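J.: Generate the whole structure from the sequences, applying the supplied hints.
For what it's worth, UniProt numbering labels the leading residue of the sequence shown as 1, then goes sequentially.
No wet-lab data here; the hints were simulated from the structure. Here the structure is a predicted model, which is why all the values come from computation and not from measurement. Where is the CB? At the ideal position from N, CA and C, for every residue including glycine. Treat the hints with caution; some may be incorrect.
Said to hold, decoys possible - Simulated restraints on C-beta separations:
| no. | residue 1 | residue 2 | range |
| --- | --- | --- | --- |
| 1 | Gly144 | Leu44 | 37 to 45 Å |
| 2 | Arg56 | Phe147 | 21 to 29 Å |
| 3 | Ser151 | Glu24 | 44 to 52 Å |
| 4 | Ser151 | Gly34 | 39 to 47 Å |
| 5 | Glu24 | Arg91 | 19 to 27 Å |
| 6 | Ala2 | Lys145 | 12 to 20 Å |
Said to hold, decoys possible - Under the rule of at most 30 Å between Cα atoms (straight-line distance), these lysine-lysine pairs were calculated in the BS3-like manner:
| no. | residue 1 | residue 2 |
| --- | --- | --- |
| 7 | Lys86 | Lys137 |
| 8 | Lys55 | Lys6 |
| 9 | Lys134 | Lys6 |
| 10 | Lys145 | Lys86 |
| 11 | Lys134 | Lys145 |
| 12 | Lys134 | Lys86 |
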Amino acid sequence: MAQLIKQGNVTVDTWKTLEIGEGETPETIALPAGDVIFPLAVWLARRNEIVSCHKRIGLLLLPDDKVEEIAADLEYFVVVAVHFPKFVDGRGYSTAALLRQRYHYQGELRAVGDVLHDQLFFMQRVGFDSYALKDGKDAIHAIGKGFAPFSETYQASTDQPEPHFRRRTA
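T.: Here's what the structure looks like:
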């Protein structure tokens with residue numbers, strides 16, 4: 001089971017992610033009770049049913065999913081999980097930046113999948129605030145080494161809108 005880092009601490013993950021199994025479709029899959037992170041396909045197919053049955057709703061975005069499809073629905077999501085299928089796949093960074101900067105999503109933004117401590121600093125810069133580390137990785141090591149590999153940043157980003165040269169002259 002992945003270890004969840006949230007607010008700089010290892011925490012228990014109370015959310016379950018709905019997985020579409022073989023022979024199931026978004027329209028026919030059983031919707032579990034409780035805090036559930038729904039894949040985008042299920043959300044799009046059964047939005048009204050999910051809203052009427054769940055108090056806390058999460059959404060799972062895969063690399064090919066378009067944020068624009070759910071921009072008007074962001075108010076429903078307590079957590080949006082962005083999946084990183086491979087360490088080298090950077091599309092999730094763009095998804096996070098769009099959610100935070102363009103669509104002003106204020107809820108929990110969680111990185112899931114192939115998440116390693118080397119990525120945490122950069123994920124935090126684009127707006128992630130929780131991280132489900134890849135199975136087998138040490139969360140204590142990740143917290144200690146992953147968030148501050150650099151003493152200063154030069155580029156503007158979600159967590160620091162001003163570039164270094166503007167901060168330096170202010």
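J.: Does the Cβ-Cβ separation between Ser151 and Glu24 fall within 44 to 52 Å?
T.: 49 Å, holds
J.: With 37 to 45 Å as the target window, see if Gly144 and Leu44 comply at their CB atoms.
T.: 40 Å, holds
J.: For the pair Glu24 and Arg91, does the Cβ-Cβ distance stay inside 19 to 27 Å?
T.: Holds: the Cβ-Cβ distance is about 25 Å, inside 19 to 27 Å.
J.: Given the hint that Lys145 pairs with Lys86, test it: the Cα-Cα distance must not exceed 30 Å.
T.: Satisfied, since the Cα-Cα distance of roughly 21 Å is no more than 30 Å.
J.: Under the criterion that the straight-line Cα-Cα distance not exceed 30 Å, is the pair Lys134, Lys145 satisfied?
T.: 16 Å, holds
J.: Verify the proposed pairing of Lys86 with Lys137, using a straight-line Cα cut of 30 Å.
T.: Between Lys86 and Lys137 the Cα gap is close to 15 Å, so the pair holds against 30 Å.
J.: What's the verdict on Lys55 and Lys6, does the C-alpha distance respect the 30 Å limit or exceed it?
T.: OK: Lys55 and Lys6 at ~21 Å, within 30 Å.
J.: Tell me if the beta carbons of Ala2 and Lys145 are separated by a distance inside 12 to 20 Å.
T.: 18 Å, holds
J.: Going straight from one Cα to the other, do Lys134 and Lys86 come out at no more than 30 Å?
T.: 10 Å, holds
J.: Do the Cβ positions of Ser151 and Gly34 conform to the proposed distance bound of 39 to 47 Å?
T.: 42 Å, holds
J.: Sort out whether Lys6 lies within 30 Å of Lys134, counting only the CA atoms.
T.: Holds, at roughly 15 Å.
J.: Is 21 to 29 Å respected by the C-beta to C-beta distance linking Arg56 and Phe147?
T.: Holds, since Arg56 and Phe147 (Cβ atoms, about 27 Å apart) stay within the stated range.
In summary, this structure violates none of the numbered hints.
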